[in-house]
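With chain A held as given, fit chain B onto it using these hints.
Protein chains: 2
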Amino acid sequence: MPLNNLKILLISALSMCFIGIGHAQERKIAIVLHAGAGYMRPDMYTKDQVQDYTDKLSEARDVGYKILENDGTSEDATVATIKILENSTLFNAGKGCVLSHNKRAEMDASIMNGSDKNAGAVAGVQRVKNPITAAQAVLHNSPHVMLSGSGADDFAEAQELEMVAPSYFVTDERMEQIKKMIQEEKNKTDLFRDAPESLSDNKFGTVGVVAIDKQGNICAATSTGGMMNKKNNRIGDSPVIGAGTYADNRSCGVSCTGHGEYFIRLAVAHEVSALMLHRGWDLEKATNYVVHKELMDIGGAGGLIAIDRKGNISMSFNTPGMFRAARSSSGENSVAIFSE
Amino acid sequence: MPLNNLKILLISALSMCFIGIGHAQERKIAIVLHAGAGYMRPDMYTKDQVQDYTDKLSEARDVGYKILENDGTSEDATVATIKILENSTLFNAGKGCVLSHNKRAEMDASIMNGSDKNAGAVAGVQRVKNPITAAQAVLHNSPHVMLSGSGADDFAEAQELEMVAPSYFVTDERMEQIKKMIQEEKNKTDLFRDAPESLSDNKFGTVGVVAIDKQGNICAATSTGGMMNKKNNRIGDSPVIGAGTYADNRSCGVSCTGHGEYFIRLAVAHEVSALMLHRGWDLEKATNYVVHKELMDIGGAGGLIAIDRKGNISMSFNTPGMFRAARSSSGENSVAIFSE
Numbered sequence: 001m002p003l004n005n006l007k008i009l010l011i012s013a014l015s016m017c018f019i020g021i022g023h024a025q026e027r028k029i030a031i032v033l034h035a036g037a038g039y040m041r042p043d044m045y046t047k048d049q050v051q052d053y054t055d056k057l058s059e060a061r062d063v064g065y066k067i068l069e070n071d072g073t074s075e076d077a078t079v080a081t082i083k084i085l086e087n088s089t090l091f092n093a094g095k096g097c098v099l100s101h102n103k104r105a106e107m108d109a110s111i112m113n114g115s116d117k118n119a120g121a122v123a124g125v126q127r128v129k130n131p132i133t134a135a136q137a138v139l140h141n142s143p144h145v146m147l148s149g150s151g152a153d154d155f156a157e158a159q160e161l162e163m164v165a166p167s168y169f170v171t172d173e174r175m176e177q178i179k180k181m182i183q184e185e186k187n188k189t190d191l192f193r194d195a196p197e198s199l200s201d202n203k204f205g206t207v208g209v210v211a212i213d214k215q216g217n218i219c220a221a222t223s224t225g226g227m228m229n230k231k232n233n234r235i236g237d238s239p240v241i242g243a244g245t246y247a248d249n250r251s252c253g254v255s256c257t258g259h260g261e262y263f264i265r266l267a268v269a270h271e272v273s274a275l276m277l278h279r280g281w282d283l284e285k286a287t288n289y290v291v292h293k294e295l296m297d298i299g300g301a302g303g304l305i306a307i308d309r310k311g312n313i314s315m316s317f318n319t320p321g322m323f324r325a326a327r328s329s330s331g332e333n334s335v336a337i338f339s340e
Numbered sequence: 001m002p003l004n005n006l007k008i009l010l011i012s013a014l015s016m017c018f019i020g021i022g023h024a025q026e027r028k029i030a031i032v033l034h035a036g037a038g039y040m041r042p043d044m045y046t047k048d049q050v051q052d053y054t055d056k057l058s059e060a061r062d063v064g065y066k067i068l069e070n071d072g073t074s075e076d077a078t079v080a081t082i083k084i085l086e087n088s089t090l091f092n093a094g095k096g097c098v099l100s101h102n103k104r105a106e107m108d109a110s111i112m113n114g115s116d117k118n119a120g121a122v123a124g125v126q127r128v129k130n131p132i133t134a135a136q137a138v139l140h141n142s143p144h145v146m147l148s149g150s151g152a153d154d155f156a157e158a159q160e161l162e163m164v165a166p167s168y169f170v171t172d173e174r175m176e177q178i179k180k181m182i183q184e185e186k187n188k189t190d191l192f193r194d195a196p197e198s199l200s201d202n203k204f205g206t207v208g209v210v211a212i213d214k215q216g217n218i219c220a221a222t223s224t225g226g227m228m229n230k231k232n233n234r235i236g237d238s239p240v241i242g243a244g245t246y247a248d249n250r251s252c253g254v255s256c257t258g259h260g261e262y263f264i265r266l267a268v269a270h271e272v273s274a275l276m277l278h279r280g281w282d283l284e285k286a287t288n289y290v291v292h293k294e295l296m297d298i299g300g301a302g303g304l305i306a307i308d309r310k311g312n313i314s315m316s317f318n319t320p321g322m323f324r325a326a327r328s329s330s331g332e333n334s335v336a337i338f339s340e
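Line by line, the protein sequences give chains A and B.
When we follow my numbering, the leftmost residue of the first sequence carries the number 1, and every step to the right adds one.
When we follow my numbering, the leftmost residue of the second sequence carries the number 1, and every step to the right adds one.
If you're looking for bench data, these hints aren't it; they were derived computationally from the structure.
Keep in mind the model is a prediction, meaning the values are calculated, not measured.
Heads up, some of the hints might be wrong.
Because identical chains cannot be distinguished in the list, a pair is counted as satisfied if it fits within a single copy or across any two copies.
As a list, the in silico DMTMM-like pairs of lysine to aspartate or glutamate whose alpha-carbon atoms are at most 25 Å apart [as the list claims (entries may be wrong)]:
#	residue 1	residue 2
1	179	154
2	310	71
3	293	116
4	103	154
5	214	157
6	28	59
7	66	55
8	129	71
9	214	48
10	214	332
11	103	157
12	95	59
13	231	154
14	186	55
15	186	160
16	231	160
Next comes chain A alone, as it looks inside the complex (with noise of 0.2 Å):
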């Protein structure tokens, strides 16, 4: 072989490998999803149970990663898995979620984009099917970040997005155990003192979602009915920018499960992503920090899956158990539940 020859062939062989690299690159993509930390352990559920648990997780991340694998957004990917947990009544999320002191599933959602970090958030609506639907409209429609209440589902209708009665939420299981915490706390005097009865027995499942696309944009949504015998009209941290859910191209998206009140005074979700661009630290040791060390440090119980800007995933907590699942285009693929 001529040398110019030679030289051609190991030219077009470099550049086809950069191109690949480039290719591979662009093309890297993620999901994670939560379905709620806890004090769960394995005696506690029956093989089917955990098999129903796997499965649906398993569905939703795939659900999400088809999206993404075909070209589709992050924001896509992001809302089409929470209404998969959102529509199942195995998680604290839309149909089946825990119920307030009212006997009523009030329901929060938020969801942000960190490529112009716009957001949407809703807390306590009743009535509209997917609440994350909600809290996307907000995000494009409404030229406020956060709504709440009655109004939120007023604006979720004016939206025409689907709505349903507030007992399509309702399970028979969710309302046995909402009867049995208030009977249990009848023979308490201070209604607004004492937390929630057997908090520690409660898994919270809160759900969230980050994922990142082909285009680098990464998106973090997170769906909850809150804490269970909640009164007030508590807000919890799901749907508080910031402290449930966080989302900004240069650093990562985080979406945060456990006691809420805990991560709105850390505001845990901005945290990650400020220890990432103010410290420089990488996805792992933000995470790691705030879940291990400064939740601990006052006592907060939880979790939280995040993706970075490279597409790296992590999901922590310092809790016995986290429904997770993951997957990417970097061969990540798994779902679990108790801690390995």
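Only chain B this time, still in chain A's reference frame:
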């Protein structure tokens, strides 16, 4: 004088000097307040009006400062100062606040202590006379951090706070204002998409206070009627811990005012604290960066007040004016409206 005596004299003098310094450090107290940032210009007010604002800002500041001087806590000083501003019809908080699209006063407030990062917030209250006292009651007497709507008012009532009829808050001037704005809006086709008319002509008027007491404890608090003509139970940044209010004894306390949606998206109050803790920046650099760079980059108009753990004061805004006043044991004593 024998050498030994001279030595003793010198040592005594030096000791007194150190004790003096120690004493001065321990006793350094400071308070700063804002009553809204916005597009106010000197030609918008008569001399008498400027005097009214200046008098009320000074009065509120001095009431809080006196509490700090008399060994009171920063929390007591902060709440007492906010109450004066809420009770005045000059500002957009408590009596005389702006009205929502429903022609109601729907008020938000929050408070946070930097010592333990405990916090309390209420959103959309309509009956508690001083929303800041409801936020304070949440901080101390609720297992939750954030309550909303009628549930928050019910909680305030159960806490035996002073309750009033919703009409107490409504002034003739605000009723005229909202009627005019709703009339202006009638020609529009999409109520949800369009931002409120003539936003740029409004001063925002939220009030906030940050104080540091003799124990070095920082407290930050914010109270507001929110955005005029707000719809759908909109929640702004004021009751959102991390966005409108934040306090951490290790860094600073912050209270914000302005176009709340932008403050939520940047988690402004927490971001100032994060820049100090994670980048090691001083208060002035951190507040100016957030207000003049980060907020300006996304078009967020407004300002903030802050005090760091050494008692340094910052009042930063990117609008033509911000109602503000400050006083400290190191000689600060100011009140101002326009940029100077």
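Check the structure against each numbered hint from earlier and tell me which ones fail, lowest number first. 5, 8, 9 and 14
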